[in-house]
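Undergrad: For reference, the chains in residue letters:
Protein chains: 4
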Amino acid sequence: MSKKPIRLGMVGGGNDAFIGAVHRVAARVDGEYELIAGALSSTPEKARASGAALGLAADRTYDDFKSMAIREAKLKEGIEAVAIVTPNHMHAPVAREFLRRGIHVICDKPLTSTLADARKLVKVAEASDALFVLTHNYTGYPMIRQARDMIASATLGDIRVVQAEYPQDWLTEAEEVNANKQAEWRTDPARSGAGGCIGDIGTHAFNLLSFVTGLDAESLSADLQSFVSGRQLDDNAHVMLRFKGGARGMLWSSQVAPGNENALKIRVYGSKGGLEWAQEDPNYLWYTPFGEPKRLLTRGGTGATPSANRMTRTPGGHPEGYLEAFANIYTEAAAAIRSYVAGEPIPSGVQFPTIHDGLRGVQFIDACVKSSERNAAWVVV
Amino acid sequence: MSKKPIRLGMVGGGNDAFIGAVHRVAARVDGEYELIAGALSSTPEKARASGAALGLAADRTYDDFKSMAIREAKLKEGIEAVAIVTPNHMHAPVAREFLRRGIHVICDKPLTSTLADARKLVKVAEASDALFVLTHNYTGYPMIRQARDMIASATLGDIRVVQAEYPQDWLTEAEEVNANKQAEWRTDPARSGAGGCIGDIGTHAFNLLSFVTGLDAESLSADLQSFVSGRQLDDNAHVMLRFKGGARGMLWSSQVAPGNENALKIRVYGSKGGLEWAQEDPNYLWYTPFGEPKRLLTRGGTGATPSANRMTRTPGGHPEGYLEAFANIYTEAAAAIRSYVAGEPIPSGVQFPTIHDGLRGVQFIDACVKSSERNAAWVVV
Amino acid sequence: MSKKPIRLGMVGGGNDAFIGAVHRVAARVDGEYELIAGALSSTPEKARASGAALGLAADRTYDDFKSMAIREAKLKEGIEAVAIVTPNHMHAPVAREFLRRGIHVICDKPLTSTLADARKLVKVAEASDALFVLTHNYTGYPMIRQARDMIASATLGDIRVVQAEYPQDWLTEAEEVNANKQAEWRTDPARSGAGGCIGDIGTHAFNLLSFVTGLDAESLSADLQSFVSGRQLDDNAHVMLRFKGGARGMLWSSQVAPGNENALKIRVYGSKGGLEWAQEDPNYLWYTPFGEPKRLLTRGGTGATPSANRMTRTPGGHPEGYLEAFANIYTEAAAAIRSYVAGEPIPSGVQFPTIHDGLRGVQFIDACVKSSERNAAWVVV
Amino acid sequence: MSKKPIRLGMVGGGNDAFIGAVHRVAARVDGEYELIAGALSSTPEKARASGAALGLAADRTYDDFKSMAIREAKLKEGIEAVAIVTPNHMHAPVAREFLRRGIHVICDKPLTSTLADARKLVKVAEASDALFVLTHNYTGYPMIRQARDMIASATLGDIRVVQAEYPQDWLTEAEEVNANKQAEWRTDPARSGAGGCIGDIGTHAFNLLSFVTGLDAESLSADLQSFVSGRQLDDNAHVMLRFKGGARGMLWSSQVAPGNENALKIRVYGSKGGLEWAQEDPNYLWYTPFGEPKRLLTRGGTGATPSANRMTRTPGGHPEGYLEAFANIYTEAAAAIRSYVAGEPIPSGVQFPTIHDGLRGVQFIDACVKSSERNAAWVVV
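Protein chains in written order, with the UniProt record's numbering: chain P, 1 to 381; chain H, 1 to 381; chain A, 1 to 381; chain Z, 1 to 381.
Note that these hints are calculated values from the structure, not bench results.
As the structure is a prediction and not an experimental result, all values here were calculated from the model.
All C-beta atoms in this analysis are idealised placements derived from N, C-alpha and C, irrespective of residue type, glycine included.
Take these hints with a grain of salt, some might be off.
To be verified - Below 30 Å or equal to it, Euclidean Cα-Cα: the simulated DSS-like pairs (lysine-lysine) are: (1) K181/A <-> K3/H; (2) K76/Z <-> K4/P; (3) K120/P <-> K74/P; (4) K272/Z <-> K4/P; (5) K4/Z <-> K66/P; (6) K4/A <-> K4/H; (7) K370/P <-> K66/H; (8) K76/A <-> K3/H; (9) K3/Z <-> K3/P; (10) K265/P <-> K265/H; (11) K265/Z <-> K4/P; (12) K66/A <-> K3/H; (13) K123/H <-> K244/H; (14) K66/P <-> K3/Z; (15) K76/A <-> K265/H; (16) K120/H <-> K3/H; (17) K3/P <-> K272/Z; (18) K181/A <-> K74/Z; (19) K181/P <-> K272/H; (20) K272/A <-> K265/Z; (21) K3/H <-> K74/A; (22) K3/H <-> K46/A; (23) K66/H <-> K66/A; (24) K181/A <-> K46/A; (25) K265/Z <-> K3/P; (26) K76/H <-> K3/H; (27) K3/P <-> K120/P.
Said to hold, decoys possible - Residues from chain P that face chain Z, not an exhaustive set, calculated with beta carbons under 8 Å: (28) A152; (29) G246; (30) N262; (31) T298; (32) T314; (33) Y322.
Unchecked claim - The calculated label-pair distances, taken between Cβ atoms and stated as ranges, are: (34) N309/H <-> T302/A: 30 to 38 Å; (35) E34/Z <-> A342/P: 25 to 33 Å; (36) K74/P <-> E34/Z: 25 to 33 Å; (37) S42/H <-> T302/A: 26 to 34 Å; (38) S42/H <-> K244/A: 36 to 44 Å; (39) S348/P <-> E184/Z: 30 to 38 Å; (40) E184/A <-> A127/H: 53 to 61 Å.
With the sequences and hints as input, model every part of the structure.
TA: Structure below.
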């Protein structure tokens, strides 16, 4: 923090948005960023009003993202990084403009709304002189870092079974016809892509299980449903998974499961033990060495590993939450950006979801949609 | 209890057995039965030793079940009912002998080890002058009764999604080669049938979800695995379910999931609310009316319904468990037997799993095995 | 169980009673007793009706306990033991009649309604040729047995702090004026003694902490309250405890704490570790070795000790509850009675609350009442 | 946030400190403050190194707090507020220097190390042209705000019983002799005052119960212990409380309770219902209307009230934690400071612990110590 904050811009995230505000807090928590520019809405008036509300200078508040990319790239003290928090279909066009101009991109998930867009964007990113960070924020939780390390070091033996689930309930009724902007775009194929629930949150669960286990999904069988009358996209998804090496998994995501707020959960079982973690109680990690009593590992506690402690600000019993995990992704990104700028390798231990994770996520969505269309036939991921 | 206890015999359940002792306690709890005869093992010496250990009269301790059926049927004070607690492949031959002689059968699950046996046994039972009760004991839990009634009365609206799981961990290693008798027969196709984990416990989960929701499974897609080297039957099963009327479900059962003792759990979601219940904490039922806070309904508590209270012996906060739930099945069976003997209809509210539930369970196992052999193709249940 | 059941009688426990039915199930679970006689109510008509409902022979159904004691003692196959389940003030007079005649007594708690009665009864018991067992049933829970052994073997180091609590909510309103018989006698000094909540359930908490820790209470400071208008006895009690050797404790019992059904809980902390147990979730025992992660020990599980396993009927994950714990007291009593009759020492490991624990409980109640009357001055227990 | 950040200084909080870093994050989360000056240690070299590490300008890094107060008060763009995060005994002298110069003070708890200091500081604050905010941070949790409002609006009826507890385990062994700076000063009467555990965390529990219930403590009876050999201050405290109006309470705080990280918990029971909240799982509030099932109210969820939602950044199921609650105090302080500067009343709804709460906390500590010295006699708070 003795370093100067990284100059940050934002595209999307105007007054009505949910995730834009989250990104702003996440960028602020560790003092690593300073938000100085924005194209906060596709509606110019709203973009300006939102910029003013955030205290941005008028000349750093843009009516559209392209003007912003062009001008900021030319300014001496222009932004060094941009956060993209638009609906999914805009991720690719926005990211392209900034990546081309050497401005680092921190982009919300899923990577894009189509697989074609994702593939093109990977090429743009690879050709770019800038980093691409995808905010699969759940990988920022300390106990998730610990779970990953425990599995990587074979604490659980050979991994056999993975159970991932991500149920919510906010779309139990047809919220999209009630002028709920979040519901509108998330159930609209034009803005979200071909996946509804599976794209919005199933992809988080898939990313998380891949991150935690290090397993590579080979194929899947998916049965997607749309329970609410008139809804254009899936609101519940059942998926069976086969991984390279023989492990198997199940993944359930739903937005019509009353009593579930944001109940992402992952359970991993191997030949020597099991792990269980729930996002709503993220400071706990249950670990059972086979044949011994279950242990409750706590963030900041006596059972926490260095990989968890790196991501930890407060001692055990002083709970951290969603914003801190999100901030961890931003802070990892800052470390990577600073190293990149300095021409140094990214420091050992620094981890963040990349554009390749993003491509993998879009491939997952695509495979789920295809499989479901083919009566849950197995589809290669 | 002013009534005379029903005279009960037992086949199987000798000294090493697990479930025989459970049946005996279950029969005793409410004073409805008196155990007076047994063919407790297929090994005559063990049968006699076990009978003596239980205090059975020597002349009511039989070396084989057929002699027992023949003689008890002739005795003036012969047994009125028999509990069958053998390995699966013996359920059908044993049940047949008693049913034919008008002796009521209380049989452990699954009904039989093959679908052909199950179908034949249904005919025998239908032709018999005796009742057939299957101990899908988890349906005896008071809060399960309550869940069923809440769903039947449309408290949850239209049911959309069912999540059932039944993980254990006791077969994480090759216990069957360690002279563990339970592991031996449960992993032996000759004694268990074609399903391992799916037959031993998956069928409990399937029965429970059917009982609770009243939904009829139409087809399923199953991916069965056998993770432990040398094991002949599945030890982990992933199943997707489609129900008549459009509801969908997932079912996971495993015996290789470290940290899970007997973690049967069911979650049901409808258009108006959700319910969650876990067997290891059976006195609680979580209920969320959509749009309102989650409520913790407790057995014997202020939110308990008459259907739960019928099955309840102690007030809220005085926990009941597995044996009480098992005893409830026995006590329901006693009520049915007494009515049957009296030529009266089974009293309203009395519920127990029948031979048709048993057939359904064997059809489920069979469909899972077939589906898995066909790369998880959809198979009609 | 090859042994003949012990012939049991019961005083109290007629149709309206709560605890009588519990004793009857507890006596039945392990097949160790046969209930054959009773004086089930102080109202003769009700005594007879209750006896008939339980299937007792008419000539073994008595109008009063004294006639029962006299006649049963003379019968060749008269009762060997009697369960006393009356309101507190009748424990002493009833117990006396049976003890004097060599009939073993299994008596509900608290021992008596006055300290004078308790002292006299101890003398009667000591002079008697019969055993006295007090049903402080919570000591029958397997994980409580394990906690006791872990502490006795210094797993927690020197014990420093004990936190015991027993809140309920059923007397939040003036239930005693609503013809609730349970509430009536439990809030009536003539029948309950000078302690209300502290006598009814506080004494359970005190007994449990003494049993688990092995600590001997030296003095206490108590602040008793009666929150419901018109109530004659305390309905909430705050107690600070000092133990011989320097450990300290707190004890809270309440019957006016909404949201608590029967929430007995005990936590013990020593120089090397801590233990936590809650009666409503009795199959779990939390153990923290200082400096290591918390462990969840489960009844029947990998962390269970022989002392817990002795008291266990079903494997881990198949929950046992209140009735099984109560049955454990009855079964321990049966082992003691059989040994006593055989002139043999009580087998090692057999444990049940004795009349001396009962005296200690009444001393505790007496000390709490006295301390509270003296503005919470320290009173020797 | 369109407003300019408040210019903030800090006294204490150098490299080794725990709570200084917490204050800095808390100040940053909502973008309401900019840290620009500091006297971060009483050791000048460490003060300078710590300032540099935080990126403070060299001329705003002071060797001592007095120089800082004098110079900053004269600067045109000097600090507007100062955060005091020193050991307790320095709170008063530091606060005095800034308050006298019209610089707002945000001070850690407890207010001072002696009651005399606290009384004097109240006068200084009252005479000052600046605000005084005490960071009893636990009052910043959203569900605590909700609990307070529910009680204030009589949802629980008349409050009868309060159970507060705050156990930790980090001083189970003599950590203060192991060069642990936190342990050193917190067990040193010269720096902490006469209360050890009771001053460090008991005072948090007392503040929280006062805040939540609105009850005013009248008198208390305390039994303080020091279990670790050689320790100068209490490490475990048992307290009974009497409130004006007749409610009663118990308070337990401990730093020698293995298995407890930071387990602050509060339970409140009234004539119409009960509430329970635990700091380690702060997004949940359990509410039981008497006679109805318990409800799980969640932060951001369907049962959250406006007073909770004011303090909430993320939707239900996206957990917030300790830092967000701490940030809420800072953000409330910012609103108050801005209003104060503008000559306007503090906006309705804005709440933060004041110097009077601080005085009350020191009175509580003082009363506990006095009561314990007098064998737990009742002492007026």
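Undergrad: Determine for every hint whether it applies to the structure shown.
TA: Evaluated hints:
At most 30 Å may separate the alpha-carbon atoms for a hinted pair to count; K181/A and K3/H meet this at roughly 28 Å. With a C-alpha separation of about 24 Å, the suggested pair K76/Z and K4/P falls inside the 30 Å cut-off, and the hint holds. A hinted pair counts as satisfied when its Cα atoms are at most 30 Å apart, and K120/P with K74/P qualifies at roughly 25 Å. For the hint linking K272/Z to K4/P, the alpha-carbon distance of about 56 Å lies beyond 30 Å, and the restraint is violated.
With a CA separation close to 28 Å, the supplied pair K4/Z and K66/P stays within the 30 Å bound. Note on K4/A and K4/H: the hinted pairing holds, with a Cα-Cα distance of about 19 Å set against a maximum of 30 Å. Straight-line distance between C-alpha atoms of K370/P and K66/H comes to about 57 Å, which puts the hinted pair past the 30 Å bound. Under the criterion of a C-alpha separation no larger than 30 Å, the hint pairing K76/A with K3/H is consistent with the structure, at around 26 Å.
With a C-alpha separation of about 24 Å, the suggested pairing of K3/Z with K3/P holds against the 30 Å cut-off. A C-alpha spacing of about 15 Å is found between K265/P and K265/H, which places the hinted pair at or below 30 Å, so the restraint holds. For the given pair, K265/Z sits about 40 Å from K4/P by alpha-carbon distance, which is inconsistent with the 30 Å threshold. Taken as a hint, the K66/A and K3/H pair is honoured in the structure, with Cα atoms around 28 Å apart against an allowance of 30 Å.
A threshold of 30 Å between alpha carbons decides the hint, and for K123/H with K244/H the separation of about 26 Å falls inside it, so the pair holds. For the suggested pair K66/P and K3/Z, the alpha carbons sit about 28 Å apart, so the restraint of at most 30 Å is met. Using a Cα cut-off of 30 Å, the hinted pair K76/A and K265/H is violated, with the two alpha carbons roughly 53 Å apart. With a C-alpha separation of about 35 Å, the suggested pairing of K120/H with K3/H is violated against the 30 Å cut-off.
Straight-line distance between C-alpha atoms of K3/P and K272/Z comes to about 56 Å, which puts the hinted pair past the 30 Å bound. At most 30 Å may separate the alpha-carbon atoms for a hinted pair to count; K181/A and K74/Z exceed this at roughly 77 Å. Between the alpha carbons of K181/P and K272/H the distance comes to roughly 23 Å, so the proposed pair stays at or under 30 Å and holds. As the CA atoms of K272/A and K265/Z are separated by approximately 23 Å, the hinted pair is consistent with the 30 Å bound.
At most 30 Å may separate the alpha-carbon atoms for a hinted pair to count; K3/H and K74/A meet this at roughly 28 Å. For the hint linking K3/H to K46/A, the alpha-carbon distance of about 19 Å falls within 30 Å, and the restraint holds. For the hint pairing K66/H with K66/A, the CA-to-CA distance comes to about 52 Å; that exceeds 30 Å, so the pair is violated. Distance hint between K181/A and K46/A is fulfilled; the C-alpha atoms sit about 14 Å from each other, no more than 30 Å.
Of the supplied pair hints, the one linking K265/Z and K3/P is violated, its CA atoms being roughly 39 Å apart against a limit of 30 Å. In summary, the hint linking K76/H to K3/H is supported, as the alpha carbons are separated by about 18 Å, within the 30 Å threshold. Pair hint K3/P plus K120/P does not hold up; C-alpha atoms about 35 Å apart against a cutoff of 30 Å. A distance limit of 8 Å between C-beta atoms decides the matter here; for A152/P the minimum to chain Z is near 26 Å, and the interface restraint is violated.
Residue-level restraint check for G246/P is violated (minimum Cβ-Cβ distance to chain Z is 34 Å; threshold 8 Å). This hint holds: N262/P has a C-beta 3 Å from the nearest C-beta of chain Z, less than the 8 Å allowed. Using the Cβ-Cβ criterion of 8 Å, the hint placing T298/P at the interface with chain Z is satisfied: the shortest such distance is roughly 6 Å. Interface restraint check: T314/P against chain Z, minimum CB-CB distance 5 Å, threshold 8 Å, status holds.
This hint holds: Y322/P has a C-beta 4 Å from the nearest C-beta of chain Z, less than the 8 Å allowed. Judged by the Cβ atoms, the range 30 to 38 Å given for N309/H and T302/A holds: they are separated by roughly 36 Å. As the Cβ distance of E34/Z to A342/P is approximately 26 Å, the hint placing it in 25 to 33 Å holds. At roughly 28 Å, the beta-carbon separation of K74/P and E34/Z lies within the given 25 to 33 Å, and the hint holds.
Between S42/H and T302/A, the C-beta spacing of about 31 Å keeps the proposed range 26 to 34 Å intact. Between S42/H and K244/A, the C-beta spacing of about 59 Å breaks the proposed range 36 to 44 Å. Against the hinted window of 30 to 38 Å, the Cβ-Cβ separation of S348/P and E184/Z comes to about 34 Å, which satisfies the hint. Between E184/A and A127/H, the C-beta spacing of about 57 Å keeps the proposed range 53 to 61 Å intact.
Of the numbered hints stated above, those contradicted by the structure are hints 4, 7, 11, 15, 16, 17, 18, 23, 25, 27, 28, 29 and 38, listed in ascending order.
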